[in-house]
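Guided by the hints, dock chains B, C, D, E and F onto chain A, whose structure is given.
Residues per chain, in single letters:
6 protein chains.
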Amino acid sequence: MTIKIKFINPFGTPLYNDLITETLTPYLRSGSELAVANTTNCPENIDYYYSKHLIEVAVFEEVIKAESEGFDAAIVGCCYDPGVRVARELVDIPVVGPLEATMQYAPYYGHDYVLVTDHHKAVPYLRDLVRLYGQDVNCRDVSSINWFVSDMIKDTDSVAADAIKAAERAMLDRGAEAAILGCTIISASYERWVRHSGEKRNLAILNPNIFALKMAESLADLKKQGAYQISRSGYYQPLQQHNPREYADLRERFARKSA
Amino acid sequence: MTIKIKFINPFGTPLYNDLITETLTPYLRSGSELAVANTTNCPENIDYYYSKHLIEVAVFEEVIKAESEGFDAAIVGCCYDPGVRVARELVDIPVVGPLEATMQYAPYYGHDYVLVTDHHKAVPYLRDLVRLYGQDVNCRDVSSINWFVSDMIKDTDSVAADAIKAAERAMLDRGAEAAILGCTIISASYERWVRHSGEKRNLAILNPNIFALKMAESLADLKKQGAYQISRSGYYQPLQQHNPREYADLRERFARKSA
Amino acid sequence: MTIKIKFINPFGTPLYNDLITETLTPYLRSGSELAVANTTNCPENIDYYYSKHLIEVAVFEEVIKAESEGFDAAIVGCCYDPGVRVARELVDIPVVGPLEATMQYAPYYGHDYVLVTDHHKAVPYLRDLVRLYGQDVNCRDVSSINWFVSDMIKDTDSVAADAIKAAERAMLDRGAEAAILGCTIISASYERWVRHSGEKRNLAILNPNIFALKMAESLADLKKQGAYQISRSGYYQPLQQHNPREYADLRERFARKSA
Amino acid sequence: MTIKIKFINPFGTPLYNDLITETLTPYLRSGSELAVANTTNCPENIDYYYSKHLIEVAVFEEVIKAESEGFDAAIVGCCYDPGVRVARELVDIPVVGPLEATMQYAPYYGHDYVLVTDHHKAVPYLRDLVRLYGQDVNCRDVSSINWFVSDMIKDTDSVAADAIKAAERAMLDRGAEAAILGCTIISASYERWVRHSGEKRNLAILNPNIFALKMAESLADLKKQGAYQISRSGYYQPLQQHNPREYADLRERFARKSA
Amino acid sequence: MTIKIKFINPFGTPLYNDLITETLTPYLRSGSELAVANTTNCPENIDYYYSKHLIEVAVFEEVIKAESEGFDAAIVGCCYDPGVRVARELVDIPVVGPLEATMQYAPYYGHDYVLVTDHHKAVPYLRDLVRLYGQDVNCRDVSSINWFVSDMIKDTDSVAADAIKAAERAMLDRGAEAAILGCTIISASYERWVRHSGEKRNLAILNPNIFALKMAESLADLKKQGAYQISRSGYYQPLQQHNPREYADLRERFARKSA
Amino acid sequence: MTIKIKFINPFGTPLYNDLITETLTPYLRSGSELAVANTTNCPENIDYYYSKHLIEVAVFEEVIKAESEGFDAAIVGCCYDPGVRVARELVDIPVVGPLEATMQYAPYYGHDYVLVTDHHKAVPYLRDLVRLYGQDVNCRDVSSINWFVSDMIKDTDSVAADAIKAAERAMLDRGAEAAILGCTIISASYERWVRHSGEKRNLAILNPNIFALKMAESLADLKKQGAYQISRSGYYQPLQQHNPREYADLRERFARKSA
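Protein chains in written order, with our numbering: chain A, 171 to 429; chain B, 171 to 429; chain C, 171 to 429; chain D, 171 to 429; chain E, 171 to 429; chain F, 171 to 429.
Just so you know, the hints here were simulated from the structure itself, not pulled from any lab data. One should not assume that every hint holds.
As the list makes no split between identical chains, a pair holds if one copy fits it or if it spans any two.
When the alpha-carbon atoms are kept at most 20 angstroms apart in a straight line, the in silico PhoX-like pairs for lysine-lysine are as follows [to be verified]:
| # | residue 1 | residue 2 |
| --- | --- | --- |
| 1 | Lys174 | Lys324 |
| 2 | Lys370 | Lys235 |
| 3 | Lys394 | Lys335 |
| 4 | Lys370 | Lys393 |
| 5 | Lys370 | Lys394 |
| 6 | Lys335 | Lys235 |
| 7 | Lys235 | Lys393 |
| 8 | Lys174 | Lys370 |
| 9 | Lys174 | Lys335 |
| 10 | Lys324 | Lys235 |
| 11 | Lys370 | Lys335 |
| 12 | Lys174 | Lys235 |
| 13 | Lys393 | Lys335 |
| 14 | Lys324 | Lys394 |
| 15 | Lys324 | Lys370 |
| 16 | Lys235 | Lys394 |
Chain A with its partners taken away, still in its complex shape (with noise of 0.2 angstroms):
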């Protein structure tokens, strides 16, 4: 039974998907594939919400590529989780969000966890995500090593080193026993760094791609041995089934062109 996953890097170039490819592949268990793409058409930078906005509008296509081209699940590759809930309405595959996913591991690797991420502009939105997905009990604090991405690709290692230290720093701070990177360029620069620096791993900090990984290929199983739907009963009910005529006009009138 091989698992085919998806990983969309949401910034409209592919200027980062070497970088996920290279340090995610390892984590890939046996009989899992793993393909890593990016939105096309669309801004190159999400941090601002506009751009996000319109990024998230390219997103919900590649999700629904992902879908027709048999991949059994997909990852939304930003911490922001753009467009994640959103998308499940409109694909059966599960969509898996890196921030959502990490907060659900991080119990397995200590009491409570600080989230470090990218630029002042990530804090207050991380704040409103901790509240909404009800981990305000679990996230002791929430900060940043102010980098964008596009100064990161150029420099993994000083991000690694930037985010090393502010993690550690807060959870000492917070009395906290393990930190999320908030940003997935952020954790795979750091995730790099350990790999060619030989240093060895802190295993309290936690790189948000694994965990989007692991939890996608475990809903991808179940997908796969007929455990795995999402309730179609609210939040998540398509408008096919409301209105089927509606959605294919939908469809046909605002489906971008992702190539």
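This is chains B, C, D, E and F only, laid out in the frame that chain A set:
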């Protein structure tokens, strides 16, 4: 000092504009002007989240246009408060969501409230907004009356009757003192019925359109008086502050034509 | 349609009336009238809770008088929101507390806020109000600048300087985007300084007097338009509805002479 | 070591004193003395919040008098816990509120509880106290039996019957393990019925008068043993610590005559 | 890479092993091996908390044994998640509790959930776990079907029927989108019924055994890949890190014989 | 009416008994008797959770023995409140945990508190108890002084000095009005120092042993007066009520010899 308010019906059709104009105009204060408009080139129904997301892209265009046309404040006319927070990143005029505004006025109407919305798809979404807005302590229930707006417009009196019944029952069942009608078209239907029937209004049943208007008027005042500007330090920092060229490019490439 | 607002300084002295009048008048919208008055025959300082309780008895008289004089709304001018909820039981005009009103406007100014109040006695009391108003999710801190109002009035510029410094530090320390000055006299001092100094106002520092005024204006509008009446089903049910004779006797026996 | 406890009926009438004395005396521990008194020169009914506020002024006088008479602790006999927190600012003896005390003892009687109070006016007020005392996690419901104390005293057996029925139904409906009778006169009526009828007491139905007494006794012990003094650093700091002259003047001008 | 999972039935009897093996084996992914075992020399029923506590002592032995036998992860097979957190202090393989794991997977199945457990003794205990795990925002109710496991094993079809009925009613009553069967034997009974009856599975009814398995598989993967180790800084720090000799003595004196 | 209280040191050694007796006896009320005992045949240190779990088995035996010896209430002398909730299932006398009791008394000492405990292992555990007891709103911080009880007993004055310093700093840093010493041996060390040194006690620093004693005394009173019995409907229902034979068998097989 005249205040100009733009009420943007997010539904991509002029179908609801008259109903809103008719039922909201009586609440304009002297010196205020109201323009009711709608989005274009986007879905007509906002109920499902993919549709909502596409509509929000059009909402951003309408909000930007409202600012450039010289309006002093904009209301996005739907209780999903669609695109409201993102729109605040884009313009300097206040952007008001009817649900949020009504929750802010609710304490003047009673100790706590129930929320009565249109259909099953909105219930969990509004529960998320209740949580995100920090209203768990004041909102004692969210329920729905099973109507879609495209049906409502054909029989506003029946909508009003169902809404009153549901609101009164929910207040009784949960021991709440007020009821927010969590849908702008339900609210307008209720308002029309009150005005046509000559029946006494139940002042504990709250019409979000009115509160959105009042909040918009007062924020527009503040703006004119030099006492309003949203903080640009993080959550509402615009891309143009961080990288003006990137924002210009983005608009160049992605601004939808809303005519 | 003229709106008449009564701002009641709860301090039993006219000492603060001019400062409020001076700093609030610029924010009146056209068509509004403001009268600033004070309680009489009660303590001059509200800091300690026994004093506050006695002052509140006088506040009730002033609110009742404001209604009988034809005011359309009343503001109780202190961030303890003293007597506000009880006063709503007594009159049909809207009664506005500056702290509550400012918390309602705060989301238009930033993602979250800190509260900076006068002295150590107010800090735990405001924490209680934060909890009671359901604001725990938006308010990231409560701190004080160690001033009492009887000293403030003698040196409003120093108060302003201390408040600005404390507000900016608290926003930075807690990663908050706005600061509410949780004392009406601090706020007025800050306002006066802004106007006198010609310095640019920090628009993220919120003056509760202004928001109380805006809220009062809009509620007064609604009242004139037939769209305001507080629910009389429970929390705000008046004694006269339950037992008019008992209420009449009570007033006969206990109404304080406020002249 | 004799402990002297003053139970202050806040109702401005001696009408309820015998009922309290009769039903509370059996729970005095050996060596304790109980005096039941009432406020004077204030309203007789505390249900409405304006009345409550006036009564609280009289409560402060009674609490001050209790301390000067040498009592070791005071109980304010109403489940609004009227004036309790303010009174703690005024005296050095412990001041106990029946509702708060019962919530503190409740975990020894079951996993969680419901609150059954007198009438609709008390329900939202007690909900506020639940929130303020931090009891949301333990209190599963607040409801009422629609009785006013002035009627209760005429037919205590009917009150007891209604209270038992309501408490048992609420425990069943909400899956709670105990019920607090949130009114001192309901509780006393229930207690009288238990003692007169010879019926077996339902030990999951909690009488706040008893818990107030037990808490008062134990705090009085601590005080005699040198292990009790409320922190005077903020919330309970008295005015006389900040400005003794101002306090003396205040008492000179505003102390009510309670004879 | 083969993954070996030990499922420990905490009940001190082999009576439930076959049911678990039969209903869980179909969900093993290829390359996983499952061993179902039970504790010995301890109570057979875990319902009452004293029994549970004694059983947990035996669970610790089984978890230690599982690690020494080379298993890659251990599941403690009961929705009390008995001994799970303590066991994590003792071993380096992941220890999974079915309830916690299911709550982590639940967001992929719907917006929120109800919890349906076996009997009245489990209801308040699961409420505590809901609070402790920070799930108050997602869990809308806890109820029970009044069955004990020793009866369930004799009539698994009736258990399944009762569980389905209760789950569907609770979802409807509370407006929840999924239901967690909060008992491993109810869940296995439900699973057996689904497989025997050929009826279509209600995919919104969640079987914790499956989610515990999936979580255990993915954590075992991570462990093999060098990406798993629970933080040893505090909550999960083992005694042997603080004082190896004391731990050795403790095991010498108190290790139970589990044969 | 004499009240007999058993204080059970959970540590399996008599080493701490004298310190507790010496520092608690002064707070006995007249007519109370105190017996301090310890568990036997179990670990001496409770810090790590496996040790704690084994100790709790011994605690159950001591609590059962206390009841059979005629004690009116039992205190389990450690701020983990070890085994307290399970023990309540087993006996009909009240079982008191020092941490829970102190949280119940804390509102009489100040508006809120910090918790200062022994070492890093206790901090996250006490955070869980804070959450479980519903104390998040009152407890502003949990920190530790890095002492283990086996060292404390050798130098109680240094423990007292460190505890006072840490408590005062934590109160200052967090703006809290009281500090609970979250460890019975820290508390006893502090108490001894107060009594030996003749220094003035800081009455805002709370010693849990004293509050456990006061709570136990008052519950013992209630029990003697026929007004105490824990609800046996669920959380605290004993196995013997459900199946007496099973309970008898269990005790036959698993009761530890505590001599």
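Hint by hint, where does the structure go against what was stated? Just the numbers, ascending. 1, 2, 3, 6, 8, 9, 10, 13, 14 and 15
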